[in-house]
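Residues per chain, in single letters:
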Amino acid sequence: MDQQILNAIFIGSIYALFAVGYTLVFGILDILNLAHSAVFMLGAALTYSLVVNHGQPFWIAALLGIAASALMGLVIEHVCLRPLRRRHAPPIAALISTIGLALVIVAAVEQGKSGSLFSWLWVDGANSVAFPAGTVPNPTWHIGDLTLEASKVLIIPISIALMLILGYVMRFTQVGRGLRAVAENPRAARLMGLDVDRMISLTLVISSALGGLAGILFGLALGDISPYIGRDNVEVRGLAVIVLGGMGSIPGAVIGGYLLGLIEILALVTFGSNARGGVAFAALFLMLVLRPQGLFGTRLRERI
Amino acid sequence: MDFFIQLFSDPIGFWNSHTLLISQIGINGIVATSMFLVLYSGQLSLAAPGFMAIGAYTSVLMELYWHTPVVLNVAVAVILAGIVGLLVGLPVLRLRGVFLAIATIGFVEALRLGVILNVPITGEGLGLQHEADPLGGVPIILVSLVMVVFVVWRLTKGRLGSAWSAIRQDEIAALSQGIHVARYKMIAFILSALIASYAGALEAHLNFFVDPGDSQYGVTRAVQILTFAVLGGTGFVIGPVVGALIVTLLPYIFEGAGDYINIIAGIFLIAVIIFRPQGIVGRGGLAIVRPAWWPRSRARAPSPG
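Chains as they are written, first to last, in my numbering: chain A, 25 to 328; chain B, 235 to 539.
None of these hints come from the bench; they were simulated from the model.
It is possible that some hints are incorrect.
[To be verified] Footprint (simulated), chain A over chain B, 3 or more residues, beta carbon under 8 Å: (1) 344-352; (2) 417-427; (3) 455-467; (4) 495-501.
Bear in mind the structure is a predicted one, so any value in this text is a computation, not a measurement.
All C-beta atoms in this analysis are idealised placements derived from N, C-alpha and C, irrespective of residue type, glycine included.
Can you build the whole structure from these sequences, using the hints too?
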């Protein structure tokens, strides 16, 4: 049981890291970026590929993976979101365009086989792979019944530190003030001389970099990297997390991530593995019905 | 391209060799119409796959265990979906926009992962195999599609349709005009549940197999149905049907892309939605794109809601 709680915290950290990027975009644009889970997968896949197929050291590969994810954030903004903003399209249109991009990213990785156009990106097709042992030093400790692996334990401080930095930036710096101004009222922000498009690009870059990093940590800790890890593990759970915490709230997403990890592990222990997903979704449904603003949402703006 | 050549050169041979595809288009068209109904009343509900599952499982289980006539089974399935729709709708329809979408996703997945995969009678993860009456196959499906589209079209032209339109455009204004917003939203939600459940029952009888997978009754399906509706255009009832037709045919349209079909399909999806955010069937005629340097000659694309 203790081990299970520990696992809940590991997986919760990854959920939180993923959901922070999700909620950041929602908070500022009021748009669900459904390509976020594809970016999560891309970060992991590219890092794996750089380590295994291109023989790079892990640290360089991880940095390049994060950089590529950040770049993908720019692609999301310039391909999927900005043209629609220019046309004053309804938010639902952005949902579809980001789904389209997610489809493209997943399909590109899926088709990455030796000899295909994408073999530089990925060569394992639809298979699931894991980083070879020894990619990163991974000392393991045993305390009582608990097994502590460095690669899992380290996720916790890394996630928390990043989320604290993000919280600090959002709250106390000029950039953060700008981002919050855009979230509050884009038109007023523009009148105050803020470059709204640039702020939104920055949001997508930060969000996608965090998403890619979450993917890399996921691949490292759980030893499961495939074109479908984003879709199967975090796409809908990410939604559950940001709803639990309150849409658009960064501390909410953090708490929501750990909460979902805990709910899932409790369901796993109590009802068995089949019920795990069902319980998470039931929690999501109940939360929305009972307290739609989430744990940390303060206001629920009229959205008509 | 053989696909389209055959369609025009040998329609009868085409019909006979692609029955399953044509049926699938019909079913997707019916579900897309159910999606249209909720979107038309201003609700971003993704509950359709849940109701499809109710329709499929109820009708097939009744047949397997009670051997009741198929018409009765489908009728019971549809009514049951209506009741579930009412029960789910009561708490959920207070939510708007993305919140409603996520809550309905919660419903769909809680039903699939929590109930269907855990109750022995549904065959759990293995699904249900059955040799039930195929319900007459393609003609029934296509006739149903036409009837559903016609009924929904008539509804949107009447009193209900005006109320839904008003709610979609401005809920508070509609309320202030004395429109019973909650009631009209609930009517649209339940009607869409009935239609989705009917489509689910038809689909289960078409395939002789009920598969509890994500692509059948899960989020993936919900997103696909939403794509039908938004791509086709949600301003007119025929839009989602056109969207269903095009999306279902994408593998044939881009046959030449081979392995890269999904990449091309994704790019196609993005391109359509960027150049026609109001959908393929919508106002603005065929004027597709105005480059930035082109002199502005017409109003911006109106938003469908």
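Hints, verified against the model:
Remark: the region 344-352 of chain B is confirmed as covered by chain A, as 7 of its residues place a Cβ nearer than 8 Å to a Cβ of that chain, reaching the required three. Coverage of the region 417-427 of chain B by chain A is violated. Counting CB-CB distances below 8 Å, 0 residues qualify, and the rule asks for three or more. Three residues within the 8 Å Cβ limit are the bar, and the region 455-467 of chain B against chain A gives 5, so the coverage statement holds. Figure legend: the region 495-501 of chain B, annotated as covered by chain A; annotation consistent (6 residues with Cβ-Cβ distances under 8 Å, at least 3 required).
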